[in-house]
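Going line by line, the protein sequences match chains A and B.
Heads up, the first sequence is in numbering that gives the first Met the number 0, so the first residue is 0 and it goes up one at a time.
Heads up, the second sequence is in numbering that gives the first Met the number 0, so the first residue is 0 and it goes up one at a time.
By construction, these hints were calculated from the structure, which means they are not laboratory data.
By construction, the Cβ of each residue, glycine as well, lies at the ideal position given by its N, Cα and C atoms.
There may be inaccurate statements among the hints.
[Said to hold, decoys possible] A few chain A residues that don't get close to chain B, going by computed Cβ distances all over 10 Å:
{"hint": "1", "residue": "Ala54"}
{"hint": "2", "residue": "Arg90"}
{"hint": "3", "residue": "Arg110"}
{"hint": "4", "residue": "Pro117"}
{"hint": "5", "residue": "Arg132"}
{"hint": "6", "residue": "Trp137"}
{"hint": "7", "residue": "Leu160"}
[As the list claims (entries may be wrong)] Footprint (simulated), chain B over chain A, 3 or more residues, beta carbon under 8 Å:
{"hint": "8", "segment": "183-194"}
{"hint": "9", "segment": "208-215"}
Residues per chain are reported as follows:
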Amino acid sequence: MNRKRVTRVAALMALALICATVAPVFAAGSEGTTPDLLKQGNQWVSVRAGYAKVAGRVAPNGNLGYGFGYSRFVLDKWSVGGYVHHEQLGRSGKAVDIQVPISLEVVRHSRWGTALFPYAGLGVGAFYNKRYRTGEDWSGFQPGRYVAFGARTPIRAKGLLGVDLRMVMADKPDENPAFAGPSSARYHVDDLLKDLQEDWAKSSLMLFDDTESKTRVLWSVKIDYTFTY
Amino acid sequence: MSKRWILVAGALFALCAAPPVAMATGETTVTLKMGSAIPTGDFSGVATSGSTVGLAADYKVTKWLAAGVAMNYFRTIGSRNGDDITVIEPTTGNPVGMTLSENWTLTGLSFFSKAYVLPRGRLAPYVRAGAGTYTVRYGLDVSSATATTTAGGNEQQTKFGLNGGAGIAYRIVGGTSLGLEGLYHMVFAQGTNVTVWTTGVTLGFGTAGTGK
Numbered sequence: 000m001n002r003k004r005v006t007r008v009a010a011l012m013a014l015a016l017i018c019a020t021v022a023p024v025f026a027a028g029s030e031g032t033t034p035d036l037l038k039q040g041n042q043w044v045s046v047r048a049g050y051a052k053v054a055g056r057v058a059p060n061g062n063l064g065y066g067f068g069y070s071r072f073v074l075d076k077w078s079v080g081g082y083v084h085h086e087q088l089g090r091s092g093k094a095v096d097i098q099v100p101i102s103l104e105v106v107r108h109s110r111w112g113t114a115l116f117p118y119a120g121l122g123v124g125a126f127y128n129k130r131y132r133t134g135e136d137w138s139g140f141q142p143g144r145y146v147a148f149g150a151r152t153p154i155r156a157k158g159l160l161g162v163d164l165r166m167v168m169a170d171k172p173d174e175n176p177a178f179a180g181p182s183s184a185r186y187h188v189d190d191l192l193k194d195l196q197e198d199w200a201k202s203s204l205m206l207f208d209d210t211e212s213k214t215r216v217l218w219s220v221k222i223d224y225t226f227t228y
Numbered sequence: 000m001s002k003r004w005i006l007v008a009g010a011l012f013a014l015c016a017a018p019p020v021a022m023a024t025g026e027t028t029v030t031l032k033m034g035s036a037i038p039t040g041d042f043s044g045v046a047t048s049g050s051t052v053g054l055a056a057d058y059k060v061t062k063w064l065a066a067g068v069a070m071n072y073f074r075t076i077g078s079r080n081g082d083d084i085t086v087i088e089p090t091t092g093n094p095v096g097m098t099l100s101e102n103w104t105l106t107g108l109s110f111f112s113k114a115y116v117l118p119r120g121r122l123a124p125y126v127r128a129g130a131g132t133y134t135v136r137y138g139l140d141v142s143s144a145t146a147t148t149t150a151g152g153n154e155q156q157t158k159f160g161l162n163g164g165a166g167i168a169y170r171i172v173g174g175t176s177l178g179l180e181g182l183y184h185m186v187f188a189q190g191t192n193v194t195v196w197t198t199g200v201t202l203g204f205g206t207a208g209t210g211k
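Based on the provided sequences and hints, a complete structural model is requested.
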């Protein structure tokens, strides 16, 4: 299951990469000239809020998320941006699962028709995770990567309204009294990298029936408002 | 000078004498890479050689500098792969003989820059460096066993990593190019780093640039 999921995510990332570099056929007519909004040197500041959730068979209900960020068009139609989000991924009673992604992303923008500005991008970042009021609280940073899709439309001078959808892949935290996860007593990759080099490991095994996925996929859908200048 | 060296020198001369193709800015190139992955350092103690595939997209910002995004997948065989061992099955307490099937995979997503140095005709040598995230995955299976066993499973963690190396691309026609590339990847794990050297053939498909 895990391998299939990784393959699906890799395929999605490849699709995003291709989408980011190739304009769709039906938008060909609008790609000839770069709209002023997507010109090199433009700067955008975005604020957004919406829904965030962990995918999976055993996952808490999704909750609110919000964030803000800054993007600069380093080239026509290409922006590099930094974002900070705060996602309440789920609650179980009083226990809360929170994630704060601090990320850097590269996004390819285009224009479809006269006033729709869709985009696709890839990002990586440090994801701060916090589980509290669980009876066994935990917090820490872990790396994560994501694909982002969305579209914006101008609603006023220097103002765009849009929708942002992003899918994050990050490590699943270990089990907790409030939230499910892989056993914390198992061998982690860090342990395996060291112990498998020892002589005693030549005739020993560390994994028995340890097939639970160690990755979790996080989804968020947010309404976005962007100031351009 | 042997015939082989005369042939190599002749081929190099022909490549260098080929009509110069302007290295245009504004080019977008999508590159496929296939090759071998060789674990080094401590990682070579737990993994053996394997293979790699990669997909990258880059944009030429200036005549000599490009920036882009790359996805890489490496698969190497574990050092104990094929070994016959006997372990105590935890669910029954009985000894079970088994043949191991062991592998390591790395899936990386990184941002990178390429600096083209000394372009000559259709040849474009470059150095490359990048940074991103890598998911390190260890998989263990049993290909045969003397009794029922629960041995096996997988474990993975995502880490930050760096990569750097060099390559050369030869423009065949239009924006299509063929090349060679070697990259060294260092993934920061706790206590020990995962280091892999990859070499491979690259096939690039590009759009026409502005020619500035």
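We went through each hint and held it up to the structure:
1. Ala54: A:Ala54 clear of chain B: closest Cβ-Cβ about 16 Å, beyond 10 Å.
2. Arg90: holds (25 Å)
3. Arg110: holds (17 Å)
4. Pro117: holds (18 Å)
5. Arg132: holds (26 Å)
6. Trp137: Check passes; 16 Å lies beyond 10 Å.
7. Leu160: Since the minimum Cβ distance to chain B is about 28 Å, A:Leu160 lies beyond 10 Å and the statement holds.
8. 183-194: Coverage by chain B holds here, the residue count being 8 at a Cβ distance below 8 Å.
9. 208-215: holds (count 5)
Going down the numbered hints, you'll see the structure goes against none, and every one checks out.
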